[in-house]
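Asker: Chain by chain, the residues:
There are 2 protein chains.
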Amino acid sequence: MKRTIFAAVCAASFAALAHAEDAPKLPDAKASDPKTLGLMQGSPPAPDKIVRFENSYRFPATRWSFSHMRELTPTANVWRGEAQAHALKRAIRPDLERVAFKTTNGVDMTFGDLFDKTYADGLIVLHKGRIVYERYGGALTPERPHMAMSVTKSFVGLLAAMAVAAGKLDDKALVVKYLPELKDTAYGDATVRDVMDMTVGVKYSENYADPNAEIWSYARAGGMIAAPADYKGARNFYDYLKTLQKEGEHDKAFAYKTVNAETLAWILKRATGKSLSDLLSTEIWRKLGAENDAYFLVDSTGVEAGGGGLNMALRDMARFGEMIRNGGSFNGQQIVPRAVVDDLFKGADKAKFAKAGFATLPGWSYHNMWWVSHNDHGAIAARGIHGQVIYIDPAAKMVIARFGSHPIAANGFNDPISLPAYAAMANALK
Amino acid sequence: MKRTIFAAVCAASFAALAHAEDAPKLPDAKASDPKTLGLMQGSPPAPDKIVRFENSYRFPATRWSFSHMRELTPTANVWRGEAQAHALKRAIRPDLERVAFKTTNGVDMTFGDLFDKTYADGLIVLHKGRIVYERYGGALTPERPHMAMSVTKSFVGLLAAMAVAAGKLDDKALVVKYLPELKDTAYGDATVRDVMDMTVGVKYSENYADPNAEIWSYARAGGMIAAPADYKGARNFYDYLKTLQKEGEHDKAFAYKTVNAETLAWILKRATGKSLSDLLSTEIWRKLGAENDAYFLVDSTGVEAGGGGLNMALRDMARFGEMIRNGGSFNGQQIVPRAVVDDLFKGADKAKFAKAGFATLPGWSYHNMWWVSHNDHGAIAARGIHGQVIYIDPAAKMVIARFGSHPIAANGFNDPISLPAYAAMANALK
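Residue numbers (our numbering), protein chains in the order written: chain D, 103 to 532; chain R, 103 to 532.
Same shape as in the complex, but just chain D (with noise of 0.2 Å):
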């Protein structure tokens, strides 16, 4: 198997975690930004400098990757409509650079640092639905769709819990009911409420440290990997996903496996009749206004990968946070029921996701695949490896939409910058 960013940086996220004042030393954001680098600069780059899909999950290549996957592989379009934009409105406060916090590791800083620090792409604060922050670096453009990584998720969630709530999706069923051919499998005897919530038991470890994890068969299989010239496993997501074995028990601790979600957009694509990018265009996408068409990355079967290849430019990911902090309703509409987006918030089990340890997380829970802080200003969250986030404060009236492209995957090593940036910029705003 090819190395890929996912393998290399994830040990060394792993490394650093456990001993961090050996972390590895990587080019920091100016030394790695891919104009410096001239990644992908002339015509045509030099050798060295061009980015191929073989190597584009290899840092530095990430941060000119990240902004321009379709560049590197199939995608599906998720289609904005043909109405004009939303049109978000303005008032930046350049004041907010110097809003001044303290890192859960003890080191001051401020909200000016953040974006460089975590190897930010892509940053925007919403404050009351106007954007009093926005800035972009690395090769991201305000119109350039970038990758989300497990954003998606939050995404699929959301669209299956609307389609509960209409009727269309029963999350009491067993999986089985919608997905058959998955009878002898880990979801044999799982609920659809157990893939929502990521409380099934199987056989699946997402430890980007172990090449021997199957997150990389997931990912070879899907397509969002290189395989190798003798691989002779499946060939897309859905025949991945009917070898998957039980391994403990259902409903008894929350465990992040990327499959759930994969499995999730199946059930919704089996009970709409439609594909997740149609679903997601017609359910939100041309709701919103979006100034751009997003997409999803593709297996070679022509299936969207759910569990985290969604793409769309920054300012509508933005939009799309404003349109959950305001109980479902944007752009003049109610998008989403609004007894849907109240239940996110509720969250679920905490000591159900206690169970997963997620050091930097203490409290939280997930819940239709949103990460749910239980903080005391009721703050949920969407999150990708990376540095992918979209992140929900109703106490502050903020929403901070954030792409990043970080050597390393884990958001265990961004949390303890950004959760407290985000919690600063938050009592600056309230």
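Quick caveat, the hints were computed from the structure, so don't treat them as lab data.
Check each hint, because a few of them may be wrong.
Where chains are identical, the list cannot tell them apart; a pair therefore holds if satisfied intra-copy or between any two copies.
Below, computed lysine-lysine pairings styled on DSS-like, alpha-carbon distance capped at 30 Å [to be verified]:
no.	residue 1	residue 2
1	K230	K532
2	K279	K151
3	K389	K191
4	K270	K151
5	K137	K270
6	K270	K344
These numbers were taken from a predicted model, which means no experiment stands behind them.
With chain D fixed as given, assemble chain R onto it according to the hints.
Answerer: The following block gives chain R in isolation, referenced to the frame of chain D:
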């Protein structure tokens, strides 16, 4: 080499042209409709109904794939900008279905027959800028970009002519002024003008019926068709162009060779410092009020396929044609200089064109990668295999935009029906 639709149907095409009475029995438009066939229906589709990159160029898979290219291969976006789309006025005339004509082969038909007879996926007729006829079929919908094949070349030729007019490109200069790396190739002593009018003497065959023709090497290098496991040749367009050797003399005869368009696209990128997708977006697409983003297929190094890789929505292609009909003015602005458009209509040397032996196009010429009829209506066209066309008839104030997935690549098979149909429509509207 895997057999592709190009090879399969073009063999059929040549056979059909030579022995029309022995034309191969192929399913007609209704029988090959992707919905009728169940192509890509269901989640997942039945195994034999899945269109993958490897089989996507084989008829009838092409009836689906030409409307879904980005789901099969990497692409670069051509951004429409953030403005509201230009509103095309509608004045639909149902009577136009009954416009009668006689095919070149003497068969009586109506305009309503044209769609299915030529396996059209979409067809728009504009009269004085208003939509008087609009129809979609197969896998195409109004918002979905369709493969434009060699219509792409006319965009590249126009952008090059605009660069000449702007003083950024010298069409009298040698190609090597811009691309010194082509010194030892057929292009070593050719001028930019030779490339723009395709009068380059280069050993390269576009004969689809010959599996050893260079068109296959070109397409394999650019990743447009699958390469065999033991493939040792060029892996991108530019490396392939560097292998082309001279044959015959320049500036003596028109010879339709896709590599010229690819070379011109490269020259253009050197001369302007922009990628082809950025150039098309900034110079034309954003100004046109396009409804949808367009896109280019790209090779493994991210280089856009300037010879045939542009995909766009049908109405946007119609808007583009209307802009040309209006002397470069559209959507409230002069997008292309009037002199550049006027020069397109003048065409090039008919005697040089005649040497290429296009039986269905007597008296035509080829200039700046546009097909110029020199007929009494002064019509010009952008043309791509399998039935893609923009046909502009100034006398009738008419623009026809058409996408298709005809099983036979060569337009020599469509022309006996479609050219009389366009002429009859022009007379009906005039």
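Asker: Indicate, hint by hint, whether the structure satisfies it.
Answerer: Against the structure, the hints:
1. For the identical chains of this complex, K230 and K532 are intra-copy neighbours only, at 10 Å inside a copy versus 57 Å across copies, given an alpha-carbon limit of 30 Å.
2. Taking the shortest alpha-carbon separations for K279 and K151, only the inter-copy value of 24 Å comes in at or below 30 Å, while the best intra-copy value is 50 Å.
3. When the C-alpha separation of K389 and K191 is checked against a cutoff of 30 Å, the pair qualifies both within a copy, at 18 Å, and between copies, at 24 Å.
4. For the homomeric pair K270 and K151, the shortest alpha-carbon distance between copies (26 Å) is at most 30 Å, but the shortest distance inside one copy (49 Å) is not.
5. Taking the shortest alpha-carbon separations for K137 and K270, only the inter-copy value of 24 Å comes in at or below 30 Å, while the best intra-copy value is 48 Å.
6. Taking CA atoms no more than 30 Å apart as the test, K270 paired with K344 passes inside one copy only; the shortest distance there is 24 Å, against 57 Å between copies.
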